[in-house]
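**Student:** Here is how the chains run, residue by residue.
There are 4 protein chains.
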Amino acid sequence: MEESVLSAVRKIDIRFSEVDSMHVVWHGNYAKYFEDAREAFGEKYGLDYLTIYGNGYFAPLVELTFKYKRPLRYGDRAEIRIFYRPTEAAKLVFDYEITDLESGEVVLTGHSVQVFMEKESYQMVWGNPEFFEAWKRKWGMMP
Amino acid sequence: MEESVLSAVRKIDIRFSEVDSMHVVWHGNYAKYFEDAREAFGEKYGLDYLTIYGNGYFAPLVELTFKYKRPLRYGDRAEIRIFYRPTEAAKLVFDYEITDLESGEVVLTGHSVQVFMEKESYQMVWGNPEFFEAWKRKWGMMP
Amino acid sequence: MEESVLSAVRKIDIRFSEVDSMHVVWHGNYAKYFEDAREAFGEKYGLDYLTIYGNGYFAPLVELTFKYKRPLRYGDRAEIRIFYRPTEAAKLVFDYEITDLESGEVVLTGHSVQVFMEKESYQMVWGNPEFFEAWKRKWGMMP
Amino acid sequence: MEESVLSAVRKIDIRFSEVDSMHVVWHGNYAKYFEDAREAFGEKYGLDYLTIYGNGYFAPLVELTFKYKRPLRYGDRAEIRIFYRPTEAAKLVFDYEITDLESGEVVLTGHSVQVFMEKESYQMVWGNPEFFEAWKRKWGMMP
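Protein chains in written order, with the working numbering: chain X, 246 to 388; chain G, 246 to 388; chain L, 246 to 388; chain E, 246 to 388.
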């Protein structure tokens with residue numbers, strides 16, 4: 246079966262407090278936009294933070310990358326697109342793309358990897374949690 | 246017995262990311278400096294966040310006020326001073342004062358009130374928790 | 246002419262990163278929700294940050310108050326309402342109210358005062374800037 | 246001439262507000278610790294933000310990476326170490342390492358790349374700015 250790409254998109258509302266003294270979004274704030282994108286994805290596909298938590302897990306990041314091509318400024322209209330990257334491992338792997346809606350230009354790309362951790366023991370799990378395997382099956386993301 | 250004033254002081258390290266596009270510390274970030282001051286106070290007098298938590302409580306804010314007189318800029322050397330305000334109630338009441346060390350000027354004053362909440366039940370307590378009463382007695386803050 | 250109340254409302258999207266280890270919105274983050282509310286107001290009535298800036302001014306805060314009645318938690322649906330308080334002075338005075346949409350309860354109230362500062366000189370102005378006087382007239386906010 | 250490694254170290258003060266509801270430092274906040282490290286490096290070697298700005302430039306990030314091995318918790322004592330990576334290009338390249346001082350364990354590594362941008366024109370420069378070439382020469386970082 247051919248893999249279809251799961252993705253979601255969300256408008257970015259740039260806050261005044263997210264802009265630094267160079268008049269552009271402070272580079273560290275993109276981590277918040279990525280989080281917003283993961284939540285938009287999670288709400289669309291039933292894999293949001295509270296669902297993961299309700300199943301007994303956290304999904305902490307183990308890897309996070311940003312490639313900044315052009316900065317966003319206060320007042321810019323932009324959107325973030327998130328792409329699920331299928332993997333057999335007990336991991337959540339996403340790619341991100343932020344587009345300036347004025348110019349149509351991609352201004353930032355990124356990547357993140359999350360693992361699963363039992364919320365009681367804070368122990369990382371190596372095998373796919375049951376609920377995640379069911380999720381993968383539902384969306385045709387099993388190998 | 247005359248009440249002595251309990252107070253603590255701490256240097257402020259202004260982060261680049263705390264400065265907004267007006268080139269001054271974003272007004273919301275002073276809440277972080279206040280928190281730093283409460284921790285400095287807590288470490289000095291044995292009433293830090295982890296001690297309160299270890300005794301079974303949170304101490305959430307119920308009131309917070311800022312009066313901005315002059316903004317701080319990136320690179321300014323400043324310090325924050327925190328003053329404990331004695332009260333019979335089961336409350337933590339503090340005043341704050343931020344001074345620009347260059348000019349000696351007070352650039353911001355503030356005020357906060359915290360209550361005690363049981364960490365398991367999330368219920369607010371109306372009477373002074375035992376550890377807090379002991380703390381008040383130790384520092385001569387009982388009426 | 247009787248003064249009508251100018252107000253705006255905006256849904257609050259609580260970010261995971263805005264929640265602290267007590268599982269509630271960290272008290273300092275409400276400053277961001279207030280800013281969002283001011284922008285919602287500004288967009289509705291033509292007094293947003295970029296309009297003020299375009300007219301040659303900043304509008305820094307000189308006073309900010311929060312009264313926390315009940316904390317918001319991650320996943321709560323809430324909204325913030327902002328009310329313009331008319332004044333003859335060259336000031337922007339707002340009241341705020343955050344409501345938990347589940348219970349209908351007001352969980353936080355607040356207040357802010359802003360002044361006008363020339364963006365080139367960083368000098369505070371005591372009289373109403375011309376554009377602000379025109380704005381007051383337009384919305385029936387002149388005495 | 247053999248290249249010596251330029252590096253700096255700085256204690257990390259974890260703020261309560263930097264900790265998320267999993268009771269660990271929120272992953273996005275490490276960007277602030279990296280910034281603190283760059284400032285510590287800059288102050289030690291004369292390449293801090295205000296010096297770069299005073300020479301007519303910004304140094305925005307074009308790349309930023311985090312590898313999270315173990316989370317930091319509130320109350321942990323930790324330090325961040327920053328290493329300058331020599332390059333002929335008009336770039337600032339740094340590696341980072343955060344160590345938990347209790348266990349001696351490296352809990353996070355990272356990497357960043359910055360370019361130079363003229364502060365007036367917001368144009369990126371391809372050749373080494375004069376002051377940066379002088380800086381490289383001074384510290385034996387010229388090829």
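What the hints contain is simulated information worked out from the structure, not anything from laboratory work. Being a predicted model, the structure only gives us computed values, none of them experimental. Honestly, I wouldn't trust all of these hints.
For chains that are exact copies, the list does not tell them apart, and a pair is met inside one copy or across any two.
[As the list claims (entries may be wrong)] Dumping the calculated DSS-like pairs for lysine-lysine here, alpha-carbon to alpha-carbon at most 25 Å:
1. K383 <-> K314
2. K256 <-> K383
3. K364 <-> K256
4. K314 <-> K336
5. K289 <-> K314
6. K314 <-> K364
7. K364 <-> K289
8. K312 <-> K364
9. K289 <-> K381
10. K383 <-> K312
11. K277 <-> K383
12. K314 <-> K277
13. K314 <-> K256
**Student:** All hints, please: hold or fail.
**Tutor:** Against the structure, the hints:
1. K383 <-> K314: Close neither inside one copy (36 Å) nor across copies (31 Å); limit 25 Å.
2. K256 <-> K383: For K256 and K383, neither the intra-copy (27 Å) nor the inter-copy (32 Å) Cα distance is at most 25 Å.
3. K364 <-> K256: Neither way: K364 and K256 sit 31 Å apart in one copy and 29 Å across, limit 25 Å.
4. K314 <-> K336: between (27 Å within a copy, 15 Å between copies)
5. K289 <-> K314: For K289 and K314, neither the intra-copy (28 Å) nor the inter-copy (30 Å) Cα distance is at most 25 Å.
6. K314 <-> K364: between (37 Å within a copy, 17 Å between copies)
7. K364 <-> K289: within (23 Å within a copy, 34 Å between copies)
8. K312 <-> K364: between (32 Å within a copy, 21 Å between copies)
9. K289 <-> K381: Result: close within a single copy only, 14 Å intra versus 44 Å inter.
10. K383 <-> K312: neither (32 Å within a copy, 30 Å between copies)
11. K277 <-> K383: Neither way: K277 and K383 sit 28 Å apart in one copy and 38 Å across, limit 25 Å.
12. K314 <-> K277: both (18 Å within a copy, 20 Å between copies)
13. K314 <-> K256: within (19 Å within a copy, 31 Å between copies)
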